[in-house]
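Engineer: Listed below are the residues making up each chain.
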Amino acid sequence: MSTRFGLCSVLVSAVWFGAASAHAEPLAPHQPYAQASLGVRVGKVGDDGYDAFSSSDELTQFSLGLSSTVYRHQRFSLAAAGFWDYGQKSSTARGEQTELDVHRLTIGPELRYHLLPPLYFFVHALPAFAHSSASLQDSVAQVTRYARHWSYGVDVAGGAAYEVYGAQTGWPKPRIWIIAEGGYGYLGSTSLEMLPDAGQGPQRPAAVDLGSLSLAGPYFRASAAVGF
Amino acid sequence: MRKVGIMTKLAWLMWGTLALGCGGRPSSWDTPYTPGSSQNGLSSAYGMTGSVAVLDTALKRVTMLSAPSSLTLTSQSIALGTGLVAAQLSADRKTLFALSRGVQPQRTPNDERPQLLLIDGGTTPKISRSYTLTEPMDQLALDPQNEWAVVYSGDGVVVNLNELVLVNLAKTGADALSSKTLLSFGGSPRRFTFTAPLSVPGGDPRRFLIVERDSDLVLIDLAAPDREAVTVPLPSADNGGTASSAQVVYDADSASIAVRVTGTTSVYMLQLTAPARSDQDFSVVTNLVDVGGQPAAIDFVHNSQGLRLVALVQNSAVLVEPDTATTQSVQMPAAFSGIRRITNDLNPAAAAATDGDVALLYGPNIPKIAYFNLSGAPGALFRSIEAYDIGVSVKNVIDVPGEHYFDHKILETPNQQFYVLDLSTRESAPMKTNAGLTLEVAPDGERVWAYNPGQTGFASVDFASLHPVSVIAERPVSNVFDIQSNDGQRAAVALHLSGGSGIGATVLDASAPSTAYAHFYSGFELGGVK
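Chain order of the listed sequences is A and B. The C-terminal residue of the first sequence carries number 1597 in the numbering used here, and the numbering is unbroken. The C-terminal residue of the second sequence carries number 859 in the numbering used here, and the numbering is unbroken.
No wet-lab data here; the hints were simulated from the structure. It is possible that part of the hints are untrue.
Here are the simulated DSBU-like pairs of lysine-lysine, each with C-alpha atoms no more than 30 Å apart in a straight line [what the hints assert, rightly or not]:
#1 B:K389 to B:K859
#2 B:K423 to B:K389
#3 B:K859 to A:K1458
#4 B:K509 to B:K423
#5 B:K724 to B:K697
#6 B:K389 to A:K1458
If you only want the chain B side, here are some residues facing chain A, beta carbon under 7 Å, derived [what the hints assert, rightly or not]:
#7 S799
#8 E803
#9 G829
#10 S830
#11 F849
#12 E854
#13 G857
Only a predicted model underlies this, so the values are computations on that prediction, with no experimental measurement involved. The beta-carbon is built from N, C-alpha and C at its ideal position, and this holds for glycine as well.
Use the sequences and the hints to build the structure in full.
Structural biologist: Okay, here's the thing in structure tokens:
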């Protein structure tokens, strides 16, 4: 309850301060030509295939983003945005060490609406390309087994960005933004037929079949960005 | 103001993280694989006709490995009951019996009850039947003919040590169960013998369950299990102390039972006869026959004059005529302590027409075996024993099933050798191993597998050629089983359970074993985890 109250306080304060300054400065300097962000993405993966690699449904990823505004029209702007998310989970599956590495690359359009110069809301639908590398330390075979796959999908999300600092003089005039977004990231399923790398382990090893893995699920991303 | 805003954002971030991260995984993933322990009376794995059953006690399940072809394996898990206390294979290896205690103590009506689960171990494993028990019990005894099972003994607040639950395997549901309390003078069941149909005078041939207790025997008529059982006290030891039964044998045609009793030079003979009273189905006539020494083994045989009981007493074999209790002693070339009737193995088709039985004599402390041929004239018994010096002692004689090599026996020795004995030609083929020895005869009777648990090497000996083929697995082998594959071929499954960390196996063509074509499997313990 207090958290929600705090959130509302921040938004109301932002609107109030923004409204106060809206008439004092133009909008364009707040629509960044380029923006680089660094943050964290937390996803919820409900797929059963994820259980072998994590004791919870959460997947936390380091998130690096780049965007560039390509079109402006009054309060609206259109940017090209892209993210690279990387995360790793490790756990045990009935005593055997397991690990999952996930790289996720998303790129696509982002539509922004500046309610106030230091505050904009956005939505985006970004085609996603993910590479997952699942591994299982097989103590019977005395080898590490892997399932490495590409999968494809889309991230659909909306969020808000608030400018917490903006240089008034000099060039370039860096502006620092706090960005939060939430949405749903869809990715197709990949097989979890775990095999050792060629030449490793016993001869003619059969795959350990852990089913399939889909990393689809809702997610939340919080990041800090610097824009120009 | 800004400070407050940052703190609020952090709180929001944490809330979001927690909200998204909620939800765990089944606890099975955090439960390491635990093989069946011999300390608990369980085996880690059971070789069946068309599959291998590997106990996974931590997850209360059995992983069934079957072979689609002779070089491939597939697995499926079958849930066992909670509190597995006993698991046994049927004599024909087609069924695994799993006895579980259920949830104890019961707290709700829906708590799992004690049960006896029957799993079909064919090429397509499945649960074939289950029997729900009213009370948890710990012990299980199986009928070699797969008609009956007995569960008994428990550890409740009060336990009736002499209560048996007889399970008629021809029936299903509660109708199959009959509870029976044996009259007791202080003993409790120790061993069970399910007889073949005994030709009791005055009635149809019927099977009996002989229950050996501390100081008596109980005979249960399996044709009428609800009828009162007959308790037969055992004789005292020669020093006046309490004696117990060491061996029970029977002859079906004459309805005779003989008991080797500890601490006495006598053999206890029981004859089931026509009922003496109208409320009886049969009566028991007992006789105590002194054989001149404490026998090491007994068995019924037929000679040219009829039924005899053979008692091996030191360096002699004493033949007892059951009706008159007269004895005849035959000097033996060694102090044999094991006897195995092999008449049917020599010529099963004409077994009934032979003049007398042939028995194989052996012992764990003497380097000889002997054939005891009882078809000769009674006065020439000294010529009926044909001894062979094989150089090693024999601790066990293993039968060979199937249609082709039923006249072969495997002689298991206490050391690193075993013998393949051809009863028809009386030729023995010694096989030497480079390590300890565990033998596994293929259910189709075509070969025997030898291995030493924990070592990588194992071998098969084909009975047709007696040619041993040694193979070296890539990981230590805990068991080797020979199963039928779905395509009708044979697959050898060498299990890798030694580390206790998982279930692995090397599968190879049992008919032509070669690691050049073998396939390695592991991770079966991860299959079907929910």
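Engineer: Hinted pair, alpha-carbon criterion (30 Å max): K423 (chain B), K389 (chain B). Please report holds or violated.
Structural biologist: Answer holds: K423 (chain B) to K389 (chain B) is near 21 Å, not above 30 Å.
Engineer: Decide if the proposed pair is consistent with the structure: K859 (chain B) and K1458 (chain A), CA atoms, cutoff 30 Å inclusive.
Structural biologist: Given pair K859 (chain B), K1458 (chain A) holds - Cα atoms ~20 Å apart, limit 30 Å.
Engineer: Please check whether F849 (chain B) passes as an interface residue: C-beta within 7 Å of a C-beta belonging to chain A.
Structural biologist: Holds, about 4 Å.
Engineer: Is K389 (chain B) close enough to K1458 (chain A), meaning Cα to Cα at most 30 Å?
Structural biologist: Judged against 30 Å, a Cα distance of about 28 Å means the pair holds.
Engineer: Could you grab the alpha-carbon distance between K724 (chain B) and K697 (chain B) and see if it respects the 30 Å cut-off?
Structural biologist: Given pair K724 (chain B), K697 (chain B) holds - Cα atoms ~11 Å apart, limit 30 Å.
Engineer: Take the shortest C-beta to C-beta distance between G857 (chain B) and chain A; is it under 7 Å?
Structural biologist: This hint is violated: G857 (chain B) lies away from chain A, its Cβ roughly 10 Å from the closest one there, beyond 7 Å.
Engineer: Quick one, is the G829 (chain B) hint okay against chain A at 7 Å, beta carbons?
Structural biologist: Hint violated; G829 (chain B) Cβ to chain A Cβ min 9 Å, cut 7 Å.
Engineer: May I ask you to test the interface hint for E803 (chain B) with respect to chain A, counting a Cβ-Cβ separation under 7 Å as satisfied?
Structural biologist: E803 (chain B) check passes; min Cβ-Cβ to chain A is 4 Å, inside 7 Å.
Engineer: For the hint on S830 (chain B), just tell me whether its beta-carbon gets within less than 7 Å of chain A.
Structural biologist: With a minimum Cβ separation of about 4 Å from chain A (threshold 7 Å), the hint on S830 (chain B) holds.
Engineer: Report holds or violated for the interface hint on S799 (chain B), using the least CB-CB distance to chain A and a cut-off of 7 Å.
Structural biologist: Where the cut-off is 7 Å and the nearest Cβ of chain A is about 17 Å from S799 (chain B), the hint is violated.
Engineer: So if I understand the rule, the pair passes when the alpha-carbon distance is 30 Å or less; does K509 (chain B) with K423 (chain B) pass?
Structural biologist: 28 Å, holds
Engineer: So if I understand the rule, the pair passes when the alpha-carbon distance is 30 Å or less; does K389 (chain B) with K859 (chain B) pass?
Structural biologist: 12 Å, holds
When held up to the earlier numbered hints, the structure conflicts with 7, 9 and 13 and fits the remainder.
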